[in-house]
Amino acid sequence: GAVVSQHPSWVICKSGTSVKIECRSLDFQATTMFWYRQFPKQSLMLMATSNEGSKATYEQGVEKDKFLINHASLTLSTLTVTSAHPEDSSFYICSARGVGAYEQYFGPGTRLTVT
Amino acid sequence: DAKTTQPTSMDCAEGRAANLPCNHSTISGNEYVYWYRQIHSQGPQYIIHGLKNNETNEMASLIITEDRKSSTLILPHATLRDTAVYYCIAYGYNFGNEKLTFGTGTRLTIIP
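Here the protein sequences come in this chain order: A and L. Position one of the first sequence corresponds to residue 1 (the numbering used here), numbered consecutively onward. Position one of the second sequence corresponds to residue 116 (the numbering used here), numbered consecutively onward.
I should point out that these hints are in silico values taken from the structure, not numbers from a laboratory. Small disclaimer: the values here were computed from a predicted structure and weren't measured. Treat the hints with care, as some may be off.
[To be verified] Dumping the calculated DSSO-like pairs for lysine-lysine here, alpha-carbon to alpha-carbon at most 30 Å:
no. : chain 1 : residue 1 : chain 2 : residue 2
1   : L       : K214      : L       : K118
2   : A       : K41       : A       : K64
3   : A       : K64       : L       : K184
4   : A       : K64       : L       : K167
5   : L       : K167      : L       : K214
6   : A       : K55       : L       : K167
7   : A       : K20       : A       : K64
8   : L       : K118      : A       : K20
9   : A       : K20       : A       : K41
10  : L       : K118      : L       : K167
11  : A       : K14       : A       : K64
12  : L       : K184      : A       : K14
13  : A       : K20       : A       : K66
14  : L       : K184      : A       : K66
15  : L       : K167      : L       : K184
16  : A       : K55       : L       : K214
17  : A       : K66       : A       : K41
18  : L       : K214      : L       : K184
19  : A       : K66       : A       : K14
20  : A       : K55       : L       : K184
21  : L       : K118      : L       : K184
22  : A       : K41       : A       : K14
23  : A       : K55       : A       : K66
24  : A       : K20       : L       : K184
25  : A       : K55       : A       : K20
26  : A       : K14       : A       : K55
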């Protein structure tokens, strides 16, 4: 149980385009989903927290207009990187937390490369 | 959330027990000790968590000192597949604002 998937697993896009990453909880309902970013040889950095049906809460320094998060259902959250630039190239990881739970279960990550 | 301190790296021989320490001297009473690991280029994997009692599951054991200022994660029979970065995180209820804060973790290398 507690499986989280991400799609795509990797994506290459051109500078200036937008990319959407999906995060799904496959066998549980996730009231809260989290988006992290990880640069090479660094730790995970929380970007934003999203609760189903409400606006996401972004961490300090994360541009909410650049990283659009939608959490329209209890099993799906999406992160859209708008007008991507090479410095946005990173490993993006989502996690999900079930109703009344503390544990976060992580997806396998999406590697974004912007050329 | 309380800050945790872990050694940067450790080696362990395959088949031996791997003991990963973590200091969390400022942990508050409502914070649990959580352990996750991240194998290269994958998302973190939940291992175990505890509040003050020792815990064991199919993956590992968690030993928490009586004063809760430190803990040890034990992988009883390490295999090559246990090579990963291990994160110790103090994490507890915060009125719905709970967040996992990842430090730099311990890079565990299992030696054949």
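Okay, the hints, checked on the actual structure:
Between K214(L) and K118(L) the CA atoms are separated by roughly 13 Å; this keeps the pair inside 30 Å, and the hint holds. Taken as a hint, the K41(A) and K64(A) pair is honoured in the structure, with Cα atoms around 25 Å apart against an allowance of 30 Å. Distance check on the hinted pair: K64(A) and K184(L) sit about 37 Å apart at the alpha-carbon level, beyond 30 Å; violated. Proximity of K64(A) to K167(L) is assessed by CA-CA distance (about 39 Å); at most 30 Å being required, the pair is judged violated.
The suggested pairing of K167(L) with K214(L) holds, with an alpha-carbon distance near 20 Å, which does not exceed 30 Å. A C-alpha spacing of about 36 Å is found between K55(A) and K167(L), which places the hinted pair above 30 Å, so the restraint is violated. For the hint pairing K20(A) with K64(A), the CA-to-CA distance comes to about 14 Å; that is within 30 Å, so the pair holds. Between K118(L) and K20(A), the direct Cα distance comes to roughly 33 Å. Violation of the 30 Å bound is thereby established for this hinted pair.
Pair hint K20(A) plus K41(A) holds up; C-alpha atoms about 24 Å apart against a cutoff of 30 Å. With a C-alpha separation of about 17 Å, the suggested pairing of K118(L) with K167(L) holds against the 30 Å cut-off. This hinted pair checks out: K14(A) and K64(A) have alpha carbons roughly 21 Å apart, not beyond 30 Å. Proposed proximity of K184(L) and K14(A) is contradicted: the alpha carbons are some 48 Å apart, above 30 Å.
Restraint check for K20(A) and K66(A): satisfied, since their Cα atoms lie roughly 12 Å apart, inside the 30 Å limit. Among the hinted pairs, K184(L) with K66(A) is inconsistent with the structure: their alpha-carbon atoms are about 40 Å apart, more than 30 Å. At roughly 10 Å between alpha-carbon atoms, K167(L) and K184(L) fall within 30 Å of each other, so this suggested pair holds. At most 30 Å may separate the alpha-carbon atoms for a hinted pair to count; K55(A) and K214(L) meet this at roughly 17 Å.
For a cut-off of 30 Å, the pair hint linking K66(A) to K41(A) stands: about 24 Å separates their Cα positions. Between K214(L) and K184(L) the CA atoms are separated by roughly 20 Å; this keeps the pair inside 30 Å, and the hint holds. In summary, the hint linking K66(A) to K14(A) is supported, as the alpha carbons are separated by about 16 Å, within the 30 Å threshold. Taking the CA atoms of K55(A) and K184(L), the gap is near 37 Å; set against the 30 Å cutoff, the hint is violated.
About 11 Å separates the Cα atoms of K118(L) and K184(L), which keeps this hinted pair within 30 Å; it holds. At roughly 24 Å between alpha-carbon atoms, K41(A) and K14(A) fall within 30 Å of each other, so this suggested pair holds. With a C-alpha separation of about 15 Å, the suggested pairing of K55(A) with K66(A) holds against the 30 Å cut-off. With a C-alpha separation of about 42 Å, the suggested pair K20(A) and K184(L) falls outside the 30 Å cut-off, and the hint is violated.
Simply put, K55(A) and K20(A) have alpha-carbon atoms about 17 Å apart, close enough for the 30 Å limit, and the pair holds. Note on K14(A) and K55(A): the hinted pairing holds, with a Cα-Cα distance of about 28 Å set against a maximum of 30 Å.
The earlier numbered hints that this structure contradicts are 3, 4, 6, 8, 12, 14, 20, 24.
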